[in-house]
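Novice: What follows is the residue order along each chain.
There are 2 protein chains.
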Amino acid sequence: MKHRHTISEYLLLKLEQLKVSHIFGVPGDFILGFNKNIENSPITFVNTCDEQGAGYASDAYARLHGFGVVCITYCVGGLKVTNTTAEAFAEKSPVLVISGSPGISEQKNNPMLHHKVNTFDTQKKIFDELTVASASITSPDTAFQEIDRVINAIIKYKQPGYIELPRDLVNVLGPKNYTPQPLDIEASDKDVLKEAIEESKALFQKAKHPVILAGVEIHRYNLQDSLNKLAEKYNIPIATTILGKSVISENRRLYAGVYMGSLASTSVQKFIEQSDCLLVLGAFMTDMNLGIFTGKFEKKSTIFSNFDRTSIGYHHYEQIYLKDYIRELTKSSLKKVTKVILPKKENIETTITMKDNKKITIKRLFEYLNTFIDKKMMVISDVGDSLFGSMALQTNARTEFMAPAYYASIGFAVPAAIGAQTASKESRPLVIVGDGAFQMTGQEIATIIRFNLNPIILLLNNKGYGTERPMMDGKFNDILNWKYHKLPEVYGEGLGIFVQTEGDLEKALLKAKNNTKTYSLLEIDLDKTDLSPALKRLTAELGSKI
Amino acid sequence: MKHRHTISEYLLLKLEQLKVSHIFGVPGDFILGFNKNIENSPITFVNTCDEQGAGYASDAYARLHGFGVVCITYCVGGLKVTNTTAEAFAEKSPVLVISGSPGISEQKNNPMLHHKVNTFDTQKKIFDELTVASASITSPDTAFQEIDRVINAIIKYKQPGYIELPRDLVNVLGPKNYTPQPLDIEASDKDVLKEAIEESKALFQKAKHPVILAGVEIHRYNLQDSLNKLAEKYNIPIATTILGKSVISENRRLYAGVYMGSLASTSVQKFIEQSDCLLVLGAFMTDMNLGIFTGKFEKKSTIFSNFDRTSIGYHHYEQIYLKDYIRELTKSSLKKVTKVILPKKENIETTITMKDNKKITIKRLFEYLNTFIDKKMMVISDVGDSLFGSMALQTNARTEFMAPAYYASIGFAVPAAIGAQTASKESRPLVIVGDGAFQMTGQEIATIIRFNLNPIILLLNNKGYGTERPMMDGKFNDILNWKYHKLPEVYGEGLGIFVQTEGDLEKALLKAKNNTKTYSLLEIDLDKTDLSPALKRLTAELGSKI
Chain A
2 MKHRHTISEY LLLKLEQLKV SHIFGVPGDF ILGFNKNIEN SPITFVNTCD
52 EQGAGYASDA YARLHGFGVV CITYCVGGLK VTNTTAEAFA EKSPVLVISG
102 SPGISEQKNN PMLHHKVNTF DTQKKIFDEL TVASASITSP DTAFQEIDRV
152 INAIIKYKQP GYIELPRDLV NVLGPKNYTP QPLDIEASDK DVLKEAIEES
202 KALFQKAKHP VILAGVEIHR YNLQDSLNKL AEKYNIPIAT TILGKSVISE
252 NRRLYAGVYM GSLASTSVQK FIEQSDCLLV LGAFMTDMNL GIFTGKFEKK
302 STIFSNFDRT SIGYHHYEQI YLKDYIRELT KSSLKKVTKV ILPKKENIET
352 TITMKDNKKI TIKRLFEYLN TFIDKKMMVI SDVGDSLFGS MALQTNARTE
402 FMAPAYYASI GFAVPAAIGA QTASKESRPL VIVGDGAFQM TGQEIATIIR
452 FNLNPIILLL NNKGYGTERP MMDGKFNDIL NWKYHKLPEV YGEGLGIFVQ
502 TEGDLEKALL KAKNNTKTYS LLEIDLDKTD LSPALKRLTA ELGSKI
Chain B
2 MKHRHTISEY LLLKLEQLKV SHIFGVPGDF ILGFNKNIEN SPITFVNTCD
52 EQGAGYASDA YARLHGFGVV CITYCVGGLK VTNTTAEAFA EKSPVLVISG
102 SPGISEQKNN PMLHHKVNTF DTQKKIFDEL TVASASITSP DTAFQEIDRV
152 INAIIKYKQP GYIELPRDLV NVLGPKNYTP QPLDIEASDK DVLKEAIEES
202 KALFQKAKHP VILAGVEIHR YNLQDSLNKL AEKYNIPIAT TILGKSVISE
252 NRRLYAGVYM GSLASTSVQK FIEQSDCLLV LGAFMTDMNL GIFTGKFEKK
302 STIFSNFDRT SIGYHHYEQI YLKDYIRELT KSSLKKVTKV ILPKKENIET
352 TITMKDNKKI TIKRLFEYLN TFIDKKMMVI SDVGDSLFGS MALQTNARTE
402 FMAPAYYASI GFAVPAAIGA QTASKESRPL VIVGDGAFQM TGQEIATIIR
452 FNLNPIILLL NNKGYGTERP MMDGKFNDIL NWKYHKLPEV YGEGLGIFVQ
502 TEGDLEKALL KAKNNTKTYS LLEIDLDKTD LSPALKRLTA ELGSKI
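Residue numbers (our numbering), protein chains in the order written: chain A, 2 to 547; chain B, 2 to 547.
One thing to keep in mind: the hints can contain errors.
For identical chains, the list gives no copy identity; a pair is met inside one copy or between any two copies.
Said to hold, decoys possible - For lysine-lysine, the following PhoX-like pairs were computed, each having C-alpha atoms within a straight-line distance of at most 25 Å:
no. : residue 1 : residue 2
1   : Lys546    : Lys125
2   : Lys109    : Lys301
3   : Lys337    : Lys195
4   : Lys37     : Lys537
5   : Lys464    : Lys518
6   : Lys487    : Lys518
7   : Lys484    : Lys518
8   : Lys487    : Lys464
9   : Lys546    : Lys109
10  : Lys476    : Lys20
11  : Lys177    : Lys195
12  : Lys125    : Lys207
13  : Lys356    : Lys37
14  : Lys109    : Lys297
15  : Lys297    : Lys346
16  : Lys518    : Lys476
17  : Lys37     : Lys529
18  : Lys324    : Lys346
19  : Lys426    : Lys324
20  : Lys484    : Lys37
Hint data in this document are derived by calculation from the structure and do not stem from the laboratory.
Can you make the complete structure from the sequences, with help from the hints?
Specialist: And the structure:
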């Protein structure tokens, strides 16, 4: 480094090097000094209505951009993003949490400062459980090293990290002549890799119907091109998990559909489970991905390759990285599949006639959306029928579908649209959110307005927690039925439309598409008992566990 | 116990014995079975829009009722109430967190179940940092004992506890012939108590101006009557801290005002700091209570007595309980103060003439509120000028003022009104909340409607984070200026009024008072730079630390 930097300058410099354009958060007195420095940097600070919104937005930003940042004050801010940090941890999203804290000099003699819970390190201990690396900056001498350590771990593991910055160290100079810590080199062990590739090859050569099941790590480690190369070279069909949906473009020749155990279409389920060589790449074996464990693989003919570990049959190889495994497998002259057989695809109509006075249903909504979504849109889905209905959507390019499909924290979608559109300015988010989720974080529309974004928000109003009704119903699943489409009058901007019929939907979506200057909020009035076919199957499985 | 109970029955029975009438939360699949059991019990389940709202509501309920409960699902629910649990911990509020979790049978072989973060005990480890006792129920044999242990600790320490309930144990029978664990007997050590009382008495006998400074523990341990008895018997004036505001009725003869270091009125500050025998009872020495440490006591003549510890001068007595200390001191024939001198009180007008076309200001608002508040109202204040302006309010009976005056987490007031009014049906909450705080949790008005509550909500709209502007201003302190008074049109119920002048305020408050069937939301349009005198002093102190 040519110039000597303050701790704040060094941290912001690192973020600029990572091409971070936006930081999400809410200001507070223990972080205000750093907030001012962000304002004076090239990075835009997006202050959301509540810290929860900032947490979700930074997670979404991280999923698209490769590195996200949420910046909040001590405890009253930090503890509001524990849930979103947990989401990023569970679903592998590289988010840096920067929290302000009382100055080192203020912490002497352990006084009772506002925002303090128990001891001064209570918040850090909590984030230790939710991150792959955490640091409480305590001295300018070690600050840069600590910042590097946390950021490098986030980049390596694609999981969150935590930096706590006492306010009296923000503008203090760090060490002279500091050499930044290099990223860990992720080198596979050659011998281990060789044996794993040989064994994989042998499995492939015997197989008649090899299939790839691709998961979210393909996206997180930016391996889409490598994956496509492998598949194209040997004509191997690719299905994805629900968490990995859209890691490959769904209109590609070899695309086989979304697999989710018995909750997927029967043809996709059979296709995956009857494969004589199933290559699971970068996918997590979660209950959601496996359709509440209704998915059953023949382990002997299955290869699981993840970030830093590969398993074949019942044995494991350590010290192999996914990227090396895919590259070497591509090089290793597998037998080319001569006749590609794909599962029967459900007919996706390219045009649909909507009936003017027919009550809109979940099923028809998603059918119509398939004709509506264009290449400039990305689908951001909340949990519940927003997610399960979306299984039937066909997306076009990479990373066009985003949902917390494993951790399943509701309230994700509206604030995620903020993170997604600031990360990818050319895309327009199509947000699909239930009324229950909207009541949690829907106020972040105010942030959408302030930062000039223009998502189209489809609010599926089924009057309560529709996913839970078939599992166990009671008054606890009812919520107040707002006139959601009137919210633009409160916020002073935006297009709000109430949709009751198929005809309404068609007209409203057209209006929304043309309303490019601001957001559109379509309140879609659904029957309380209306469920997508996938959700019906899912809740039957989930309900049996209660 | 006559009948053999399931774990759920036992837990609900304990809560009924504690006269818990309402439980706050949001349902989710890992807690649905228990939700159904609550629905079938005499306890009402209040489902809020977001878990954060339930957390704040349960804290407020606990402060008034003596025991509060928040009930949520695993991780995606639980981690959303970490901040409100931290608040309850810091400010001593007895809240029980009940979280659902995956069934014991589902946890075998460590599968990746939805809502799981890292390991199955991640959430419990986090709550270990935020509670005085926590239990993950793992067996019906120990379940009742564990429930008793956690509940007894909450009652003893008036701080939160945590119970994690795997869904497959909810309806499982516990042990036969179980004898509930008794509460710890809090007995002071007689010799220690005797010495402390003797030393205290000696200090009192020499003193000319003894004063009591009462804090929040007086309220939490229900010691208001004991305190009044002590003060009345010996004619000792009582001031309170800001966190303890309203632990004694502010129109009592011996009431001396709210002390807050140099942020209080000069006369109250002098009165406390120049006392030759200051008896600090149940108060925490927090930065807020001490006016950002501008408060300075002569330690030699100060007695601090808290829940289980008393200090005089520079030495400490352990194993003395506050209740015993107050009782014994009352018995010990102190010298009676013959001439009670109280600090000069600021004039509180009983009638005020509001000028029709004069722009409303913070100062005038609180002056007028002093003439408006009646005995049936309780003031619930959020953080910022809602709190500091409220210092000038005179409340009438016990526990009429509620605010997170130490932990200072914004967004408290609206959901707290739900907890407060369900705990104390005869009181009507007067909620004072800033626009920044309202954007965090204001949607809980929907919950207010569903449960037929009727608070009067004064929304102080100063267009952003007004408390932060004088410390350090920037775009990060700006938020979108909603048309808040139009929200009743979205929620379909309620009275919304826009207040710009003194005349508007007078009319609007009258309308609100008469609007008893539902809530009223008064949007009070303030100048962006309008600050209360107390906030001006505070932010000058706080700003110097950034």
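Novice: All hints, please: hold or fail.
Specialist: The hints, checked one at a time:
1. Lys546 <-> Lys125: between (35 Å within a copy, 22 Å between copies)
2. Lys109 <-> Lys301: Cα proximity of Lys109 and Lys301: across copies only (22 Å, versus 60 Å in one copy).
3. Lys337 <-> Lys195: within (21 Å within a copy, 92 Å between copies)
4. Lys37 <-> Lys537: This pair counts as between: shortest inter-copy Cα distance 21 Å, intra-copy 50 Å.
5. Lys464 <-> Lys518: Only across copies: Lys464 and Lys518 sit 24 Å apart there, 30 Å inside one copy, limit 25 Å.
6. Lys487 <-> Lys518: Both: 18 Å inside a chain and 23 Å across chains, each within 25 Å.
7. Lys484 <-> Lys518: both (23 Å within a copy, 21 Å between copies)
8. Lys487 <-> Lys464: Both: 16 Å inside a chain and 22 Å across chains, each within 25 Å.
9. Lys546 <-> Lys109: between (51 Å within a copy, 14 Å between copies)
10. Lys476 <-> Lys20: Between copies only: 22 Å across chains, 48 Å inside a chain, cut-off 25 Å.
11. Lys177 <-> Lys195: neither (44 Å within a copy, 61 Å between copies)
12. Lys125 <-> Lys207: neither (52 Å within a copy, 48 Å between copies)
13. Lys356 <-> Lys37: Result: close neither inside a copy nor across copies, 54 Å intra and 40 Å inter.
14. Lys109 <-> Lys297: between (58 Å within a copy, 18 Å between copies)
15. Lys297 <-> Lys346: within (21 Å within a copy, 77 Å between copies)
16. Lys518 <-> Lys476: between (40 Å within a copy, 22 Å between copies)
17. Lys37 <-> Lys529: between (48 Å within a copy, 19 Å between copies)
18. Lys324 <-> Lys346: neither (30 Å within a copy, 74 Å between copies)
19. Lys426 <-> Lys324: Close neither inside one copy (28 Å) nor across copies (63 Å); limit 25 Å.
20. Lys484 <-> Lys37: Classified as neither; 39 Å inside a copy, 29 Å across copies.
Violated hints, listed in ascending order, are 11, 12, 13, 18, 19, 20; each of the other numbered hints is respected by the structure.
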